[in-house]
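Just so you know, the sequences run in chain order W and H. Residues 1 to 286 (my numbering) make up the first sequence, in order. Residues 287 to 536 (my numbering) make up the second sequence, in order.
Honestly, the hints are just simulated from the structure, not real lab data. Since we're looking at a predicted model, the values are computed, not measured. Among the hints, erroneous ones may be present.
[Claimed, not checked] Chain H side only, calculated, beta carbon under 7 Å to chain W, not exhaustive: (1) Leu293; (2) Ala295; (3) Ala309; (4) Asn322; (5) Ser323; (6) Ser362; (7) Ala404; (8) Ser405; (9) Val406.
Ideal Cβ placement from N, Cα and C applies to all residues, glycine included.
Spelled out from the first residue to the last, the chains are:
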Amino acid sequence: MPRLESRGVPRGPVPARAGIGLRAVHHQAIVTDRPDVGWIEAHTENYFHEGGAAVRALERARSNYPLSLHGVGLGLGSADGVDREHLARVKRAIARFEPALVSEHACWGHSGGEFFNDLLPLPYTEEAVEVLSRQVGEAQDALGTRLLIENVSAYVTFEHSSLHEWEFLAAVAGISGCGLLLDVNNVYVSSKNLGLDARAFIAGLPPDSVAEIHLAGHARNGSVLIDDHGSQVCEEVWQLYRQAIARFGALPTLIEWDTHIPALETLVAESQRADRILGELRGLAA
Amino acid sequence: MASLRELQASFAAALRDPDAACAVLPTENLSIYRNNSSHAFRAALEIGFPVLRRRVGEDYFRQLIHLYRLRFPSRSGDLHWAGRDFSAFLLEHLHGTEYAWLADLTRLEWSCEQSRIASVLPSIGVEVLARFAPEQLEHLVFALQPSLRLQASDFPVFSVWRANQTDNAPPVDQSIGPECGLIRTRADGLEVRPLAPSLFSYLSALAAGAPLGEAITTSGLDQEGLVSALGFVFSENLATAISVESKPPA
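Okay, chain W solo, but in the shape it has when bound (with noise of 0.2 Å):
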């Protein structure tokens, strides 16, 4: 399998800054007021179409940031194969964005033909590994750019797996040639609702193999909790968060923010606050 690094595609100019995620309510702010944030991040999938609101939106965001585009819809675990339709979209959308990151999810999403739109866990196995691994490079070569793969927040655990979640991930980057986004927040509510150790987990990713940070909110219900993206990151994410830049040094960070989506003020204001730990990480090394 071709690894895309020994192809020589670059990485993009997306600054080790904070980001913000470009949502509906804030397209007009952000591109008039355009807030001092590093760069911006699309969902693939909102950008798929030839015309509309969002379209116009992000041509005119995109003129102003640096872009990475997001997907949620590919679902590259998925053993009937990848939606060779859905993937064409997505190398449309690159050719028309150009953006410096593209991004996926470690998950699945179909079966028997039918999707279930949203980011299921895999099993931890080497079949996975292998299933993975060959459908992100079968993608990365169709798309013809790298892959971040992201870990998804998980609320059950499938008894089959073999391997620690952050080893199946090592072995898809190794095997691939993808990058990895790491969703601090995710690694948070995976280890909360199913008893992991998170500290343990950015420790056992490979030092070179991480492209680019999430940080979010998140919900509680009960005992479990809910990856909704709906509120400020907890202090105990923005700890982890030290963890990981310590170790995978100062990487674009997004603050990822979409449901019960607040000011663009505040978003920008919490973009600042990753602003200011990258920073304290720079000054430390400097």
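Assemble the complex: chain W is given as a structure, and chain H must be docked to it using the hints.
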């Protein structure tokens, strides 16, 4: 050991049926995924069909979505397409009932969705016609705005759509009868507009690629109507290109 395909098939079965076995722990948390999946599907349809939702009320709307998803589950990782078969489902589900018109209302809302995401191209002016010889006019083929959708119904669905842009609108008198019209996206937003049957027929013929002469014949426009209809195409910025019909060799 079960294969990845088997594990995912059993997980999928458990998402459809809470009683289906699935080798995960804790099994009760499968309900989170079940809820996420159904919520995402429902949310996509709530965005796409606000007028239907207003007309039938929240409870019945959710019931329809539940039945629709059983019959037409999502076939794409892009939920925009979740509503593609909703009108066909309602046509089947409501056949023979007094609510059969809801299928056409749903078709109109799906057209709105498709129109909103289509590109808006620069239009051409009527002066372009001067480039063609008089004998070529009946052979002219028009390219129309990609966002243009044309729809006819046995029911007054254009009136229903227009009356229900806010909550709590009174019912529309169904005795108004059949309506036809256009849906298109302008720079300033969506336009949903009923049309006279002859103009609708004429535009439908042009949109299907018929040359101008054939569109005139099909629509039964008289001379005055023709001038008006041709003027409509240009004044409404619907034409994006004109070419001369290429006839197959005799």
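The hints, checked one at a time:
1. Leu293: With Cβ-Cβ at 5 Å, under 7 Å, it holds.
2. Ala295: holds, 5 Å
3. Ala309: Holds, because the Cβ-Cβ distance from H/Ala309 to chain W comes to roughly 4 Å (cut-off 7 Å).
4. Asn322: Because about 5 Å separates H/Asn322 from the closest Cβ in chain W, which is inside the 7 Å limit, the hint holds.
5. Ser323: holds, 4 Å
6. Ser362: The hint holds - H/Ser362 has a Cβ within 7 Å of chain W, the shortest such distance being about 6 Å.
7. Ala404: holds, 5 Å
8. Ser405: At about 4 Å, which falls below the 7 Å cut-off, the nearest Cβ of chain W leaves the hint on H/Ser405 intact, so it holds.
9. Val406: holds, 6 Å
Going down the numbered hints, you'll see the structure goes against none, and every one checks out.
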